[in-house]
Amino acid sequence: MILIIPAIRIKNGKCVFKVQTFNNVECTDDPVEMAKLWRIENAKSLHVTDVDGAETGRLVNLDVVKRMIESVDIPIELGGGIQSFDEAQKAFGAGVYRILIGTLFLENPDEAVRILRAFGDSKVVIGLSVENGIVETKGGVTDKNITTIDAALNAKALGFKRIVYRDVLYDGDKRHPNFTAIKQLAETTGMRVTASGGFNGLSDILRFQELVKSGVDSVVIGKALYENKFPCQNIWRLCEAQNYPYTAIINSKS
0 MILIIPAIRI KNGKCVFKVQ TFNNVECTDD PVEMAKLWRI ENAKSLHVTD VDGAETGRLV
60 NLDVVKRMIE SVDIPIELGG GIQSFDEAQK AFGAGVYRIL IGTLFLENPD EAVRILRAFG
120 DSKVVIGLSV ENGIVETKGG VTDKNITTID AALNAKALGF KRIVYRDVLY DGDKRHPNFT
180 AIKQLAETTG MRVTASGGFN GLSDILRFQE LVKSGVDSVV IGKALYENKF PCQNIWRLCE
240 AQNYPYTAII NSKS
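Per numbering that gives the first Met the number 0, the sequence shown starts with residue 0, numbered consecutively.
To be clear, the hints were calculated from the coordinates, so they are not data collected in a lab.
No experiment lies behind these values; they were computed from the predicted model shown.
Do not rely on the hints blindly, as some may be mistaken.
What the hints assert, rightly or not - Derived pair list, reagent style SDA-like, types lysine to any residue, alpha-carbon separation capped at 20 Å:
#1 K160 to G119
#2 K17 to V71
#3 K65 to D28
#4 K212 to N177
#5 K228 to I1
#6 K17 to E32
#7 K160 to E110
#8 K160 to G214
#9 K65 to G94
#10 K89 to R57
#11 K65 to L36
#12 K89 to K43
#13 K228 to L36
#14 K122 to L152
#15 K17 to R66
#16 K17 to K35
#17 K222 to S202
#18 K43 to S70
#19 K122 to L36
What the hints assert, rightly or not - Here are the in silico distance ranges between beta carbons for each label pair:
#20 S70 to G132: 14 to 24 Å
#21 K35 to G132: 37 to 47 Å
#22 R116 to Q19: 36 to 46 Å
#23 S202 to T146: 24 to 34 Å
Glycine included, C-beta positions come from ideal geometry on N, C-alpha and C.
Full structure from sequences and hints, please.
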């Protein structure tokens, strides 16, 4: 079964995206409350990006992430701003379950391996942002034009086991994920793959279910969840509009 992981992007201590409601009530931009909402709606894990951290190269919103971790009973993985062993240590010290280190493994492989050996391959994974099959670094597309496959095989050689794949051209778009590239990545490298970008509804999830055997075992979904693209979400939003306590029903079954 494919694991669906809601994405929460944090900038200046607030959520970048907010859930659209049916009663025109402004939804919270508090990351802690958003984490609680996705947990109520049965999320098994959360994918959090420190947007400020990604821009500065160091964790900026870790205090917010720590409060999120304390507010829910599910693991949180964190990306953005983890460019050194010290930043990785801070993240795990705050209670983060798993970190994404981006292209640090290309820019400073010794530091990446140091982090990997200290915390383990289930706790430290590679996050790849890709455009037209070429991996991007925090400064833009690398001069070496490293392909997705070459970068992933490089990471695998260093000991990494999982890739979180984000297609820049499909991220937040509505034209469906790049299934071909994602399947090729998983099958060519033999690594576990978490896919992100381009989700437009249930049909995409069902198609990803077919890729589980190839090694694609989870998906990170952002905008599509916030726009209620999945049938069950319509029920939740209608309950909210009528002030009906659907959360009590969910909690009574847990």
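Each hint, compared with the structure:
no. : hint                     : result
1   : K160 to G119             : holds, 10 Å
2   : K17 to V71               : holds, 19 Å
3   : K65 to D28               : holds, 16 Å
4   : K212 to N177             : holds, 17 Å
5   : K228 to I1               : holds, 17 Å
6   : K17 to E32               : holds, 11 Å
7   : K160 to E110             : holds, 17 Å
8   : K160 to G214             : holds, 11 Å
9   : K65 to G94               : holds, 7 Å
10  : K89 to R57               : holds, 10 Å
11  : K65 to L36               : holds, 17 Å
12  : K89 to K43               : violated, 23 Å
13  : K228 to L36              : holds, 16 Å
14  : K122 to L152             : holds, 19 Å
15  : K17 to R66               : holds, 18 Å
16  : K17 to K35               : holds, 13 Å
17  : K222 to S202             : holds, 16 Å
18  : K43 to S70               : holds, 14 Å
19  : K122 to L36              : violated, 25 Å
20  : S70 to G132: 14 to 24 Å  : violated, 39 Å
21  : K35 to G132: 37 to 47 Å  : holds, 38 Å
22  : R116 to Q19: 36 to 46 Å  : holds, 44 Å
23  : S202 to T146: 24 to 34 Å : holds, 28 Å
When held up to the earlier numbered hints, the structure conflicts with 12, 19, 20 and fits the remainder.
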